[in-house]
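Here the structure of chain A is known, so what remains is to put chains B and C in place on it, guided by the hints.
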Amino acid sequence: MRKLLLHLDTSPMASVFDRIVAYDGGADEVLSYAGVCVDAVRDLVHGAIFTRGPKDLHNTAIFISGTDMTAGEQLLDAVQRTFFGPMRVSVMLDSNGSNTTAVAAVARLLQVVGDVRGRRAIVVAGTGPVGTRAAGLLARAGANVAITSRHADEAGRVAAHIRERFGGVVESIVVTDVSQLAAALGGAELLLNAVPPLGIEGVDVTDSAADRNGVKTFGALGVGTFKMKVHKRCVAKLFERSDLVLDAESIGEVARELMQPSPAPPSVPPPG
Amino acid sequence: MRKLLLHLDTSPMASVFDRIVAYDGGADEVLSYAGVCVDAVRDLVHGAIFTRGPKDLHNTAIFISGTDMTAGEQLLDAVQRTFFGPMRVSVMLDSNGSNTTAVAAVARLLQVVGDVRGRRAIVVAGTGPVGTRAAGLLARAGANVAITSRHADEAGRVAAHIRERFGGVVESIVVTDVSQLAAALGGAELLLNAVPPLGIEGVDVTDSAADRNGVKTFGALGVGTFKMKVHKRCVAKLFERSDLVLDAESIGEVARELMQPSPAPPSVPPPG
Amino acid sequence: MRKLLLHLDTSPMASVFDRIVAYDGGADEVLSYAGVCVDAVRDLVHGAIFTRGPKDLHNTAIFISGTDMTAGEQLLDAVQRTFFGPMRVSVMLDSNGSNTTAVAAVARLLQVVGDVRGRRAIVVAGTGPVGTRAAGLLARAGANVAITSRHADEAGRVAAHIRERFGGVVESIVVTDVSQLAAALGGAELLLNAVPPLGIEGVDVTDSAADRNGVKTFGALGVGTFKMKVHKRCVAKLFERSDLVLDAESIGEVARELMQPSPAPPSVPPPG
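Protein chains in written order, with my numbering: chain A, 20 to 291; chain B, 20 to 291; chain C, 20 to 291.
The shape of chain A in the complex, shown without the other chains (with noise of 0.2 Å):
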C-alpha cells in the first residue's frame, strides 16, 4: 500500500519546494491540493480518512503549508476537529518553512550556548512565519524573547499570540531604523536573524554562532542542511503512525532525536 500525502497548502500554487521534499522524505506520492481554506478541509480529511481501514490509515497523512502561518494554524485545527476516533491520520504544519526552519536555527543555538534561561534573545523580524516559531520555541526553553518589528500594531499582537501558544516571556520592540535597533539589543546575549535583514549591517542571515560585539548571532539561513534533514525525518515518521501531530514543539523533538551521536558500537566484538 502507498504511502500516500495528502498536501493542502493555503497559497494559490501549491509549494515546490513541499512536494519535493515530500517525495524524498519517503511518500510514494504528494496529492497537493491549492488555495485551501477551512471550509474546504472537511471533505478533504473525510477522503484521507474513510478510504483505508483504520489498521491501514498511518500509510496515509496530511501536510499543511503555504506562507501565511496564521491561515496555516487554523488548517491544522480544521483537519483535527475532523477527526474522530481511530478514523484519523498523521498530520503536519510547516506553513513557508516556519516549523523545520525555526527548529533547525534554535536546535543549533542551544546546542552551541547551552542553557538560556533567564537570558535575553533578540529575534530580529519576529513577526514573520519562522521568527514567531523561533521565538516561541526560545521563550519555551526560558529564554527572555524580545522581538523585533517596525509596525507597533503588529508586534504587540504577534507577541501576545506567541505567548499565549507557547508561554514563557515575550515581548515586542518597534525598530523603524538601525539606531533603534542598536539601543534594541543593550543586554541582549543572542540574537537570531529570521529573515534576510532589512538593512542591518553587521548581522547576516548566514550566522551561525558569529560574534559581534559581544552578541552572539544566529541567522535562520545558515541550518539549511539541517533543517532539510529535520523536514525529510519529520515526513518519514508521519507514515510511522496515524495519530502524530507535527508541530513546533513535537519537531523540535525530531530534531534532537536527530542531534543525538548514535551509540557508540560495542567495544567487544560480540562472540561467534
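In case anyone wonders, no lab produced these hints; they're calculated from the structure. Treat the hints with care, since some could be wrong.
For identical chains, the list gives no copy identity; a pair is met inside one copy or between any two copies.
Below are the EDC-like pairs computed for lysine to aspartate or glutamate, each with C-alpha atoms no more than 20 Å apart in a straight line [stated by the list, open to error]:
{"no.": "1", "residue 1": "K248", "residue 2": "D47"}
{"no.": "2", "residue 1": "K235", "residue 2": "D134"}
{"no.": "3", "residue 1": "K74", "residue 2": "D262"}
{"no.": "4", "residue 1": "K74", "residue 2": "D43"}
{"no.": "5", "residue 1": "K248", "residue 2": "E272"}
{"no.": "6", "residue 1": "K22", "residue 2": "D47"}
{"no.": "7", "residue 1": "K248", "residue 2": "D75"}
{"no.": "8", "residue 1": "K251", "residue 2": "D266"}
{"no.": "9", "residue 1": "K251", "residue 2": "D262"}
{"no.": "10", "residue 1": "K22", "residue 2": "D262"}
{"no.": "11", "residue 1": "K251", "residue 2": "E272"}
{"no.": "12", "residue 1": "K251", "residue 2": "D43"}
{"no.": "13", "residue 1": "K251", "residue 2": "E276"}
{"no.": "14", "residue 1": "K22", "residue 2": "E48"}
{"no.": "15", "residue 1": "K251", "residue 2": "D47"}
{"no.": "16", "residue 1": "K74", "residue 2": "E259"}
{"no.": "17", "residue 1": "K251", "residue 2": "E48"}
{"no.": "18", "residue 1": "K22", "residue 2": "D43"}
{"no.": "19", "residue 1": "K22", "residue 2": "E259"}
{"no.": "20", "residue 1": "K248", "residue 2": "D266"}
{"no.": "21", "residue 1": "K235", "residue 2": "E208"}
Relative to chain A, chains B and C alone:
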C-alpha cells in the same frame, strides 16, 4: 508502461477520496483536474488518446467524479463523443460515489430479498446522486420504485430522468414531513435510505436489511466495505482494455462477479 | 532519488499530453502547475533548486508548456534568470508541442530534400506556434522562407520575431483566399503545412513529401511518430545533467542524433 488514470472532477477541488481509491485500485499515477466542464473535455481527452499507440491505450483510462451527477453525465457523454475508432480509452463515471454506492446497496438488497419484480420499493432522498442511481437499478431489476423528495417539481423531473435512463417503473412522492412518509410507505416492502435521513425516526442510513414495522430497510452507508471493493475492482478493470464504459449497469455487473463464490477446487487433483 | 519534472503550463489546465509523455519519457513524478505567469516563476523555481544538493539537481528538471508560445518563451527566460551558479536544473520549452513538432517536421523535410540553402520554402499558417518554430529552423538551415497569414500586421510582426530569434531570411505573405495562395506559391519548391489548412484544396496536414504540381508538400501531422520519439528522448536527456536548455535548436540536435543509424556491429566478434 505505467497505468495512468486521468481524473476529471466537476467540483472546484478534485476528490481526495477518488484519488486515493484510484491508487489503491491499481493506477500507477493519477492525473487530477478540478472544475472540469464540457468545453474543456476535448483537449483533455486528446491528450489521453494521442500520446500512446492504440495497442498501449489500455494503460490510460479516465475517471469522472464530482458532487454533481448531472455534470458528470455530461462529461461522460462529451468524453465518448471525442473518441473515434481505436483512439479511445476506458472510462468510468462515479460522481459523488453514486454508482459504486448505489450498486453496492442494491446488490446487497437483492442478495437479501431475492427477486424484486413487481415489489414496491421506496428510495428515500431519491433525487440525490446515490438515490437516482439506486432507484434506476431497482427499476431495471423490475421493482415498482418510488423516490421521495421534499420538492414536487424536482421529484417529478428526476423520476422522469430515471425512467428515461434506466426504463421501468419510477414514480415520485413529495414528502415534506414524517406523517407523509408514513403514508408513502403504505404497501412498500423495501426501503432504501440513500443519504443521512431528514429526520425520519427509526430509519437509519446504516441499516442493512433491518425489519422496521414489516418494511425491510437498507442504508447506503451500511455497504461501505463492499462499495470500496467494487470501486477498486472497477479501477483495475479500466486498465484491462481500452473500450470499457463503466456506468451504473456495467458497475452492477462487476459487483455481481465479486459476489459470486469462487469456483470450488476440483475434488480430484489433476494427475501428474 | 526520484526524477521529478516540474511542469509549468501557461494555460488554465495543465496539458494532459505533456504529462503523459513526461511519464513515458522517464520522469518518475510530474508536478504540474497551470496558469503559470512570469510573476510566479521565482518561487516555483526556488522550490526546484533549493531542495536537493547541487550534485543531485540533475534529478529535477523543468518543462514549459501551454498553448501560447510567446508566454512560454517568457517563462523560459524568467526561469533561466532565477538560476545562479550551480543552483540550476535542466529546462525544456515546448509550448503547444511547437518545438518537438516543428523539429520533427523540418528534420523529415531535410532528410527528403537535402540541402535547402537558397531554396524557397513556404510555411502555411506560419504565425502559429509550430509554424514559427518550423520557419525559424528552415531559415537557420539556409532556406528563403515565407510564412503565410491572413492578417498583414501579424504576419509582419511574427516574421520579424523569427528573424530576430533564428536569423536568416523570413518574409511574410498575406493570404486571405485560395487565389492568393496560388500566387504566393510561385517559385516555391517546398511547402510545410503547420496546422490543419484553412480551406486550401489539395494540401494536407498529413502530407509527407507529397508532390503537388511540382511543389513538395509536408504536413506537421505526418511526423507524429517521430515527434513523439524526439519528445520522449528530450525528457530523458533533461535528467542526464542539470544545465541543459532544450529549445528549438538543441531539440533539433536531439532529432539528428535519433535519425543517425546505429553504428554497425563489429564485423569480427571480440575474442574470448
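**Q.** Hints that the structure is at odds with (numbers, increasing)
**A.** none
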